[in-house]
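Here are the chains, one letter per residue:
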Amino acid sequence: MTVLPYLVAGWIFLVGVYGLVTSRNLIHAVGCLAVAQSSTYVLLLAVGYRRGGTAPVFSDVPPDRRVVDPVVQALALTDIVVGATVTALLLALVVQLRKRHGTVDPDALSDLKG
Amino acid sequence: MSPRGRLGLFLAGAAVVAALFTVACLGLPPFGGAHHPYGDRAVRAAVRHHTSNAIASVNFDQRALDTLGEETILFSAVLGAVVLLRQTADERRHTPAPAAVRPPIRRFGLLMLPVALAVGLYVVAHGQLSPGGGFQGGVVVATALHLLYIAADYRALERVRPLRPYEIGEAVGEAAYVITGLAAVLAGSAFLANVLPYGTFATLSSGGTVPLLNAAVGMEVACGVVVLLAQFLDQAVQIEGADGGGSDDDGPRGPGRRERA
Chain U
1 MTVLPYLVAG WIFLVGVYGL VTSRNLIHAV GCLAVAQSST YVLLLAVGYR RGGTAPVFSD
61 VPPDRRVVDP VVQALALTDI VVGATVTALL LALVVQLRKR HGTVDPDALS DLKG
Chain D
115 MSPRGRLGLF LAGAAVVAAL FTVACLGLPP FGGAHHPYGD RAVRAAVRHH TSNAIASVNF
175 DQRALDTLGE ETILFSAVLG AVVLLRQTAD ERRHTPAPAA VRPPIRRFGL LMLPVALAVG
235 LYVVAHGQLS PGGGFQGGVV VATALHLLYI AADYRALERV RPLRPYEIGE AVGEAAYVIT
295 GLAAVLAGSA FLANVLPYGT FATLSSGGTV PLLNAAVGME VACGVVVLLA QFLDQAVQIE
355 GADGGGSDDD GPRGPGRRER A
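These protein sequence lines are chains U and D, in that order. Be aware that the first sequence starts at 1, since it is given in the numbering used here, and climbs by one per residue. Be aware that the second sequence starts at 115, since it is given in the numbering used here, and climbs by one per residue.
Rather than coming from a laboratory, the hints here were simulated on the basis of the structure. Beta carbons: idealized from backbone N, C-alpha and C, even for Gly. Possibly wrong hints are sitting among the right ones.
To be verified - Output of the computed footprint for chain U on chain D, the stretches with three or more beta carbons under 8 Å from beta carbons of chain U:
#	segment
1	124–136
2	149–155
3	161–170
4	173–180
5	195–205
6	342–354
What the hints assert, rightly or not - A few chain U positions that, by computed beta-carbon distances, are all more than 10 Å from chain D:
#	residue
7	C32
8	Q37
9	S38
10	T40
11	A88
12	V95
13	L109
Work the whole structure out from these sequences, hints included.
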């Protein structure tokens, strides 16, 4: 099953979206979005894996040692940073929503407010 | 749309996505294969620039411009959170009462604070040598300061964390990254090119501009996370609505906000 790691990434994504769709609490929804987003870490690291490879850090291994792909690992770092900032901004929005509308249930937020 | 209808729509969409994704995965190069043309070139470039952490070399040397964008995203997100969570006209600020902390928690927190701080700075400084770097170390440093909130109380945290310098520090970190890039232009090379001597492989001074950019990012991230967390903590601990309500009734706040003796 050489495609299993890729499929795991897709499964994590769908689990996160399922949580988003069925969520009754915006904080829970932000958590679900983070789960859906974390599937990209799994996908990136799966793409970059090389059988028998070690971490691409050459402080204590010779430079010709077989290593996994550093490019996707750098992308995963970018991914994590962006994910954390999006989560922080969304949580700030939820705080304000709770204050203005008194609820964090997305279904109760359908009223228009001048 | 009813919850049931929404779930049905999701399941239909998810089935299509799952099918297409599986087909796409079957067309990908096999997992764990030896063919990584970009990875091989990135490793060679990292070794050529004497940066033993190839990931740091990718982030801060080969695609340093992208990391500038990444840093700017963080900068703008912190700015956005500050704007969103500011104190509005109908809210007032109250001073949290000093709280008693159990002695073991206090001792543990005060013991771990310098250790965590040193670990964070170590991670920033060794970004070019070992896993870590400005982003990771910056978060550790910012988290270390918040041990004071656990070990003492909010007022003690506010004393070591006057927000103004941290806001300036965040901007300085962002500016230092751009200035390092411009310095490369002045030296007659491209923006953010690695123009400094590469140093001896696998030593602290290796990697040219990589440690400098790591330090700039570390400063920006540490200050940014402190400012960001301060906004959320202010909402939970200090700011309350005009009617005494708002975040008051559900936010952990006041002397009973944590389990205390």
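Hints, one by one, checked against the model:
no., hint, in the structure
1, 124–136, "holds (count 6)"
2, 149–155, "holds (count 3)"
3, 161–170, "holds (count 5)"
4, 173–180, "holds (count 3)"
5, 195–205, "holds (count 3)"
6, 342–354, "holds (count 4)"
7, C32, "holds, 12 Å"
8, Q37, "holds, 14 Å"
9, S38, "holds, 16 Å"
10, T40, "holds, 13 Å"
11, A88, "violated, 6 Å"
12, V95, "violated, 6 Å"
13, L109, "holds, 14 Å"
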